[in-house]
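Since the structure of chain F is already known, use the hints to place chain A on it.
2 protein chains.
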Amino acid sequence: MSITSRLAQLCCRISYEDIPAPVKHQAERCLLDCLGVAIAGKDHQATTIVRQYVERMQGAKQAAIIGCDSLAPAEQAAMVNGTMAHVHDFDDTHLPTVIHPSCTVVPAALAVGQWKMVSGKQLLEAIVTGMESALRIGLAVFPEHYDRGWHITGTVGVFGAAVAAGKLLGLDATRLTAALGTAATQSSGLRELFGTMGNPYLAGHAAANGVRAACLAEAGFTSSPRPLQAPRGWAQVVSCRSELDRVIDGWGKRFEMLDVGVKPYPSGVVTHPAIDAVYRLRQEHGLSAQDVESATLTANPLVAELTGKENPSTGLEAKFSVYHCVAAAFLFDNLAVDEFTDRVAGDPRVAALRDKVVVVTDTRWQPDQARLEVVSTDGGSYSTVVEHAVGSPGNPMTDAQLQDKFIMLTEPVLGGDGSRKLIELCWGLSAADPAELLAATVPC
Amino acid sequence: MSITSRLAQLCCRISYEDIPAPVKHQAERCLLDCLGVAIAGKDHQATTIVRQYVERMQGAKQAAIIGCDSLAPAEQAAMVNGTMAHVHDFDDTHLPTVIHPSCTVVPAALAVGQWKMVSGKQLLEAIVTGMESALRIGLAVFPEHYDRGWHITGTVGVFGAAVAAGKLLGLDATRLTAALGTAATQSSGLRELFGTMGNPYLAGHAAANGVRAACLAEAGFTSSPRPLQAPRGWAQVVSCRSELDRVIDGWGKRFEMLDVGVKPYPSGVVTHPAIDAVYRLRQEHGLSAQDVESATLTANPLVAELTGKENPSTGLEAKFSVYHCVAAAFLFDNLAVDEFTDRVAGDPRVAALRDKVVVVTDTRWQPDQARLEVVSTDGGSYSTVVEHAVGSPGNPMTDAQLQDKFIMLTEPVLGGDGSRKLIELCWGLSAADPAELLAATVPC
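Going down the list, the sequences are from chains F and A. Heads up, the first sequence stops at 837 in the numbering used here, and the numbers go up one at a time, no gaps. Heads up, the second sequence stops at 837 in the numbering used here, and the numbers go up one at a time, no gaps.
Just chain F, with the same shape it has in the complex (with noise of 0.2 Å):
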């Protein structure tokens, strides 16, 4: 039997009632953070286009597109969604391989969640469905598959979208292969679009993809029966390394979902260590951005090579620059998504302190950790090192936390009182269902 095969036969056998404790919660929090950072993203220009496109497309009235009161096609609405949810680089990471999980599955399972009218459970299960088959796929491939510029959010992003509708269509083992097949077919994305409308894009197509390739395996279409690991299959076309057994070992066991960590800031996960240090020495030495001459960095490579942008011109330009991260974060008191537009990025003030940063990359730190050194004016050094940026698996979000965060993106849509009853709807998931929640995301 196929990976493939046995991969569909395990997310099949899933059922809420085997799900840790744990996964639940942490299924809620992904679902929370998803939606907050969605309905933040959703007047965003990418958002916008893509939503015009789906309304002219006037198609049936199947799923909500969140934070709107219209519906479309299951297939669009994850489409719309999923670009909202990525749109402001916001949204949650599963660090040991940069992908963004949730931005694809959970767009897929509210959408066929809500034209289904599937319960609270049955949601939860696709979710934690989706995101583990998406994030061990990746685990296979990675980091091979990611060096070589693919955008793996979206790549495996389409496999995961396709398990959790596969999984609320209620697909037997057989049709949910058939689906994995039609999702790596339609597998792509390029990191060469970071930075631009095509980025959150690809959230969205990959969700909507993970759709339609389950609607068409409910529909008998027919596919490869080891779509992953033939020899011209997709690990074998996608990277230049693979190790399959990672999609199913320890399978029900280990929950790579615990390892999802929620964001703090809206750029690339790997300047969070950096924000976090100028925070630090802004807060224990009281130095301000007039007070620096220099800024240098010690980082993981990965930050030069992900967010190297040293003169972003455009909002989304600067959530892929370290540089951008480190000046924005000595002259705001906290960086979200108003730190990351075009017109921040092209503030001159944020321009003059982007050239005084330095950045030193060094294998030895990891990404999640980061030394800021900071020169003054005054000819002071002072300096701090992160062990574990906020929101990684080693220092991770409380619930509160993640609860600010929401209200700091919904409140000024929702008001206080909607933010408030989407939280509780979140952490009470097993007694809500998708339309309750994607309705209780329209303001008033």
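Treat the hints with care, since some could be wrong.
Claimed, not checked - The calculated SDA-like cross-link candidates involving lysine to any residue, where the alpha carbons are at most 20 Å apart (straight line), are:
| hint | chain 1 | residue 1 | chain 2 | residue 2 |
| --- | --- | --- | --- | --- |
| 1 | A | K749 | A | R675 |
| 2 | A | K509 | F | R449 |
| 3 | F | K454 | F | V835 |
| 4 | A | K814 | A | A832 |
| 5 | A | K454 | F | A453 |
| 6 | F | K509 | A | Q445 |
| 7 | A | K454 | F | L464 |
| 8 | A | K509 | F | Q445 |
| 9 | F | K454 | A | M450 |
| 10 | F | K509 | A | M450 |
| 11 | F | K514 | F | C405 |
| 12 | F | K509 | A | E448 |
| 13 | F | K814 | F | M801 |
Quick caveat, the hints were computed from the structure, so don't treat them as lab data. Model, not experiment: these values are computed from the prediction.
Structure of chain A alone, referenced to chain F:
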């Protein structure tokens, strides 16, 4: 300026008047052939599943589904039409890259063309521009990209579809560059799915994604300015070697479309010299199926690599079995759609004859060449060499042969008058329009 931007500029500049007459005629041939194979594939199970999925979405009535009295959003019409155009593996082939170019470009052009009510001349412009773009991008990465396991028809088809759609939407070079970027991040498809419904679907998927990429770009969606040749751009990610100058070198002087051949048989193009050889031996020596003791085929290694299935169990698999093709050519006087069904694949007479076929590969033989040696049950030995298979650039199907193929495929659906009317519309494309063409694909 990037290769992608230069390509976009060249695409924007092409106008009907500049296209040489033989290229215009070739576009008409490709359109005619594409419509013929699509009409013959409109009720295939793979098509039906995709069409029913689209119909369930009940979207805006922008463009026609070929052979049906129904309309769908342009993107979705392109998806259904692309699937049916490739479902019999009977559509045209660019032999230097084994790309099937029409099944992605023509559906995208027809869908956007009808939606935007363009003229026949604009449709022809879009088909030529889209096909040239796809074929040249394919040439830049062939054969390494294909050898790795990529379904090149889909991976480059999405670029061709985006260009054709973008041309009809009137995109300027900046927006067309953005459309190519969105196409690049959507580019996908695995050869592993050959012989399953996932194979024709990929053509529909690429056609639809191309339409979407162009529509998003029209609305201002941003992307990388150099998606093809950046250090982590498409070419680098999907191929271990690329020669991107081929995308633009000689543009407007050399037309790759002229190397596109129409298929006489609905099986992998590399099986065609073998089939020609069987018919020649039957004609020259009166050999029949029961005379065959053994049949030894000597041909290019691609024959074994692409069509090496010794015991196909379905019609879709039989298209990728040179064993089936040789056996069926001995048993049937013509190899068309009916000779590649599940029933014929399972026919014991065919299976017995398949077991007598031996394939020897030799790199000295070109993909359009083959030698067949038959030892008969009475001890006789007969052999023939095919220098250029029918339908290859060295031995193209004549217009009359193409019409015969079209009539064979469409007369059972449209009747003789309907079939001939559509032929006339294609030969007079510059005076027709997309809506008229699509309406003529519907049985009275």
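Against the structure, the hints come out as follows:
no.	hint	in the structure
1	A:K749 to A:R675	holds, 16 Å
2	A:K509 to F:R449	holds, 14 Å
3	F:K454 to F:V835	holds, 16 Å
4	A:K814 to A:A832	holds, 11 Å
5	A:K454 to F:A453	holds, 13 Å
6	F:K509 to A:Q445	holds, 18 Å
7	A:K454 to F:L464	holds, 18 Å
8	A:K509 to F:Q445	holds, 18 Å
9	F:K454 to A:M450	holds, 8 Å
10	F:K509 to A:M450	holds, 14 Å
11	F:K514 to F:C405	holds, 15 Å
12	F:K509 to A:E448	holds, 18 Å
13	F:K814 to F:M801	holds, 14 Å
Figure legend: structure checked against the earlier numbered hints; every hint is met.
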